[in-house]
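Protein sequence lines, in the order shown, are assigned to chains X and F. Under the numbering used here, the first residue of the first sequence carries the number 1, and numbering increases by one thereafter. Under the numbering used here, the first residue of the second sequence carries the number 1001, and numbering increases by one thereafter.
Since no wrong hints were added, every one of them can be taken at face value.
If the Cβ cut is set under 10 Å, some of the chain X residues that face chain F in the computed set are:
hint : residue
1    : Phe126
2    : Phe129
3    : Leu137
4    : Val245
These are computed hints drawn from the structure, not numbers from a lab. Predicted model only: the values in this text are computed from it and were never measured. Beta carbons: idealized from backbone N, C-alpha and C, even for Gly.
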Amino acid sequence: MIELIIPAIISCLLAFFIVYFTTPPLIKILTKKNYAVKDMNKKENVMIVRPGGPSIILGIVVSEIVLYGFFQLNEILAIIITTSAAFVIGYIDDRKVMGGWFKPVTLAIAALPIIFLGAYDSDLAFPLFGDVQIPLLYLGLIVFMIPITGNTINSIDVLNGVASGFMVIASFTLSICLFILQNYEIAIVSLPLGFVSLAFYKYHKIPSKIFPGDSGALTFGAMYGVIAIIGGVEIIAAIALLPAVINSFLFLSSVKRVVEHRQIKNPTKLTPDFKLMTTDDKTAPVTLVRLILAGGPLTEKQVGFAIFKLAIFSGALAIITAFMMGMSL
Amino acid sequence: MKSGLYGFLFAMWALIIVGGGIMVILLGPFTIQQFGDFHWIIASGIKVTIALILVVIWILILSKLKNWIFKKELNS
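Looking at chain X on its own, in the form it has when it is part of the complex (with noise of 0.2 Å):
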């Protein structure tokens, strides 16, 4: 057992520190080259620097790379090359605005490096009844995931601390289910996303320092994505996702296409109060941040908090989940 607490506590201080230590001085640096925007969601005319991604990504490579040094597993390999295409599309699209295909074409096209490792079971594990072997079915299923989780993650950075302290939930929630499942290798594989995501959010938090961007908000989801095939636990990631699914089930149901986020009505708009209330645009898109402010105004904290509370009930409804894995009707 020491020899898989070692590395756990090795890698996890290393992802939380470096994203720790080396965002103030990008937020300096960002600030100084004036890549910043402005915070729709404040009164007054707020610029906030961006992106925080390539912290997050550095935090996550140093780990994976000393995990690998201990395990030589190639899934790990897998999460460091899908992981760090994700964090150059995003950065792409930070610095140049591309069309609404370059994220879900760009991820798919990530997500191949798990396929040559072989980094994937192809038998897809489902709660009270069992396997299912779905071999080709299973290829399509991981060039899909990887663009759905990207953009799902990137769907719910609408607000100050939401995409970071989400992750923080639903990737400490998915390792909690593996730790379950007894995969303890992928476990502490997947702890590094749970200490970056916490340590970017002290930076992300109300009111945020930094963004993370297209770049900080597709790592997280890639690398969320990338667990979930490894470790054999798509079904349980989907369902401590279910919030930010749900939210771009309801953009898409409602906008009826894909579409970049920059092209469409913002759905909320502020009181005199500063506080966050539904606009009265028809037009306007249905999300998860429209529908929590439905029943009246609130401030941007209480929204961003009622989201948590919601990626809670969803994490207990995963490691639910994840016990029921080992019973069968």
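Chain X is already provided as a structure; the job is to place chain F on it using the hints.
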């Protein structure tokens, strides 16, 4: 509104569990032998088609459920 969202989350979870049951019990053991060496490709194709139909049905159910839950919440 928030209780409606929790209900919607729970409904999605239940649909995932039920969908898994259908996949494992009905689709998993499905095989055909009449097409020589290509039987597994044809069987996979049929499984993919049924899985996609199930996904569409699930999305329609969720869409109806979403409208029902949120209309009920807004009226209360």
